[in-house]
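Colleague: As a plain string of letters, each chain reads:
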Amino acid sequence: MAIISRGFTGRRPEVESNRLPPGQYITHDFPVLSAGPTPRIDLDSWNFEITGLVDEPRSWTWEEFNSLPMETVTQDIHCVTKWSKLDMNWTGVSLDVLLERLETDATHLMAHSYGGYTTNLPLADVMGGRSWIAIGHDNQPLAPEHGGPARLLVPHLYFWKSAKWVRGIELMAGDRRGFWERNGYHDYGDPWREQRYWGD
Amino acid sequence: MATRGGSSGIGETDGEPLCAPLHRRGSLSGAALYWLAAKVLETRVETHRVKSIVFERPTWERHIPGQHVDIRLTAEDGYQAQRSYSIASAPEDDHLVLTVERLPEGEVSPYLFDVIEPGDELEMRGPIGLYFVWKSVMAEPLLMIAGGSGVVPFRAMLRHRLAAGVEVPTRLLYSARTIDDVIYRDELEDRESSDETEIVLTLTREQPAGWGGYGRRVDRTMLEQVAWDPDRSPRIYVCGPTSFVEKVASTLVDIGHHPMSIRTERFGPTG
Ligand SMILES: Cc1cc2nc3c(=O)[nH]c(=O)nc-3n(C[C@H](O)[C@H](O)[C@H](O)COP(=O)(O)OP(=O)(O)OC[C@H]3O[C@@H](n4cnc5c(N)ncnc54)[C@H](O)[C@@H]3O)c2cc1C
Chain A
1385 MAIISRGFTG
1395 RRPEVESNRL
1405 PPGQYITHDF
1415 PVLSAGPTPR
1425 IDLDSWNFEI
1435 TGLVDEPRSW
1445 TWEEFNSLPM
1455 ETVTQDIHCV
1465 TKWSKLDMNW
1475 TGVSLDVLLE
1485 RLETDATHLM
1495 AHSYGGYTTN
1505 LPLADVMGGR
1515 SWIAIGHDNQ
1525 PLAPEHGGPA
1535 RLLVPHLYFW
1545 KSAKWVRGIE
1555 LMAGDRRGFW
1565 ERNGYHDYGD
1575 PWREQRYWGD
Chain B
1441 MATRGGSSGI
1451 GETDGEPLCA
1461 PLHRRGSLSG
1471 AALYWLAAKV
1481 LETRVETHRV
1491 KSIVFERPTW
1501 ERHIPGQHVD
1511 IRLTAEDGYQ
1521 AQRSYSIASA
1531 PEDDHLVLTV
1541 ERLPEGEVSP
1551 YLFDVIEPGD
1561 ELEMRGPIGL
1571 YFVWKSVMAE
1581 PLLMIAGGSG
1591 VVPFRAMLRH
1601 RLAAGVEVPT
1611 RLLYSARTID
1621 DVIYRDELED
1631 RESSDETEIV
1641 LTLTREQPAG
1651 WGGYGRRVDR
1661 TMLEQVAWDP
1671 DRSPRIYVCG
1681 PTSFVEKVAS
1691 TLVDIGHHPM
1701 SIRTERFGPT
1711 G
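Chains as they are written, first to last, in this note's numbering: chain A, 1385 to 1584; chain B, 1441 to 1711.
By construction, these hints were calculated from the structure, which means they are not laboratory data. Be aware that a few hints might be false.
Claimed, not checked - Below, a list of computed lysine to any residue pairs in the SDA-like style, where the Cα atoms sit at most 20 Å apart: (1) K1479(B) to V1555(B); (2) K1687(B) to I1425(A); (3) K1466(A) to E1563(B); (4) K1687(B) to K1466(A); (5) K1575(B) to G1605(B); (6) K1466(A) to G1546(B); (7) K1466(A) to Y1519(B).
Stated by the list, open to error - Sample of chain B residues with no beta-carbon within 12 Å of chain A, all distances over it, derived: (8) R1484; (9) E1501; (10) R1512; (11) P1609; (12) E1638; (13) R1645; (14) P1648; (15) A1649; (16) G1652; (17) V1666; (18) W1668.
Predicted, not measured: the structure shown is a model, and the values here were computed from it. We put the CB at the ideal spot given by N, CA and C, even for glycine.
Use the sequences and the hints to build the structure in full.
Modeller: Here it is as structure tokens:
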């Protein structure tokens, strides 16, 4: 159905096709996508909170957060601007740890970031060992332009869902759109179903 | 119960009614964007590494300046590659224009630069994005800061401003390596002389004899001179390679511009 591009051969990815979602290409750089300036975040006042539909909100200072059990994981990352980067190394706290024994009727959550960025996710997508609050990349503290000191990491969805500069999650009784989701991007963002934009 | 009441963040305040000129289907998830075949009418050499490709206007109604399209190439065996390109034309223009910088090691841009010619059809879908956009109804002074091919979406904004006949104070600060790397040079000169738009060039590598403009990378002093006073609340757009955008955006914050007034678009990983 697609139109053949006369004389186009392309640069085939050097990986098995089951690791590269449709429309993506492999990059070895670590590109940056943000809507505005990189916010300046002071670790002394940094705070991570779980709020919203929960009886007792939870909150951690930077020091408290760093004493939580950390995991180091290897994950493939897929950005909606078409690049994918395989086998990235991340260190962070599993959301399962942060949400442990939490009573809630929430179905969705909104991640809130320093700088005002938000993104929405089904609660189920951040549970069961599928998401982290990452504070390290390649055994280094996470750089500010890549979302440091801490970013959400949800590798099975397009990377904008992995909110940079995260400061908390708000549990919600239903779905509500976040920042990119209101600005033309897909509500769920599954790279394997190529859910890039509204209506995909 | 929301987190942290009174957040003035991006996520909460961008409630401008930006009507997306899309084929709405009324579904909650918004409109679907279909792949369309767009016919190439003309290619124009802009610089030794940059070409504009002029397309017959696709069937969507109107884009908003600052939006981009996705281009998809397909090889004989079905292999496909996609990339994003900003729209360089105004919604009022007869044709759709993209402007592509040829990256020597690239997969898609050399194809668009070297191979595409009038009569070819390319698949595209769009228009995409509702944040890095400017409409002529926006009243704040308009400041655009471009590095290299980051000037592309600003051509759409400048042409839209002209077509709409609005008089918002407008400045473009554009950083290029040499005078020969300046994309849309003639058009920018016209715009400046006829249109009360201030175009400020800085040439970072080499300046022609008698050059009266800036001759260095964008820095704090330059931004203090060119960006309006933060009190005038300009609406600021920064577009270019990542390192350029990072530096310019953070310097703007240093000199007192509100982070929320600065919208960024990053074209590539390196500078
Ligand atoms: C929203 C958006 C709008 C864009 N608009 C435009 C536009 O109007 N005009 C335009 O020319 N490009 C634009 N781009 C960039 C474009 O999408 C492609 O990334 C670019 O053309 C390179 O693709 P390629 O296949 O040729 O190179 P690739 O094969 O993807 O990359 C080749 C090599 O070049 C590096 N590279 C990629 N981009 C750059 C860069 N900008 N500078 C230096 N090195 C780089 C890569 O890391 C890689 O090493 C835009 C990108 C986005 C996300």
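Colleague: Compare the structure with each hint and give your call.
Modeller: Against the structure, the hints come out as follows:
Proposed proximity of K1479(B) and V1555(B) is supported: the alpha carbons are some 14 Å apart, at most 20 Å. At most 20 Å may separate the alpha-carbon atoms for a hinted pair to count; K1687(B) and I1425(A) meet this at roughly 17 Å. Restraint check for K1466(A) and E1563(B): the C-alpha separation of about 16 Å stays at or below 20 Å, so the hint holds. Using a Cα cut-off of 20 Å, the hinted pair K1687(B) and K1466(A) is violated, with the two alpha carbons roughly 24 Å apart.
At most 20 Å may separate the alpha-carbon atoms for a hinted pair to count; K1575(B) and G1605(B) meet this at roughly 12 Å. In summary, the hint linking K1466(A) to G1546(B) is supported, as the alpha carbons are separated by about 14 Å, within the 20 Å threshold. Between K1466(A) and Y1519(B) the CA atoms are separated by roughly 15 Å; this keeps the pair inside 20 Å, and the hint holds. The claim that R1484(B) lies off the interface holds: its Cβ sits roughly 20 Å from the closest Cβ of chain A, which is beyond the 12 Å cut-off.
The Cβ of E1501(B) sits about 15 Å from the closest Cβ of chain A, beyond the 12 Å cut-off, so the non-interface label holds. For R1512(B), the shortest C-beta to C-beta distance to chain A comes to about 7 Å, within the 12 Å cut-off, and the non-interface label is violated. Non-interface call for P1609(B) relative to chain A: holds, since the shortest CB-CB distance, roughly 22 Å, exceeds 12 Å. At roughly 23 Å, the least C-beta separation between E1638(B) and chain A is larger than 12 Å, which holds for a residue marked as non-interface.
No beta-carbon of chain A comes within 12 Å of the beta-carbon of R1645(B); the shortest separation is about 23 Å. Distance check on P1648(B): its Cβ is at least 33 Å (rounded) from any Cβ of chain A, clearing the 12 Å threshold; non-interface status holds. Its beta-carbon lying about 37 Å from the closest one in chain A, A1649(B) satisfies the requirement of being farther than 12 Å from that chain. With 12 Å as the threshold on Cβ separation, the claim that G1652(B) sits away from chain A holds: the shortest Cβ distance comes to roughly 31 Å.
No Cβ of chain A comes within 12 Å of the Cβ of V1666(B); the nearest lies about 17 Å off, and the non-interface call holds. No Cβ of chain A approaches the Cβ of W1668(B) within 12 Å, the least distance being about 17 Å, so the stated non-interface status holds.
In this structure, the hints that do not hold are numbers 4, 10, in rising order.
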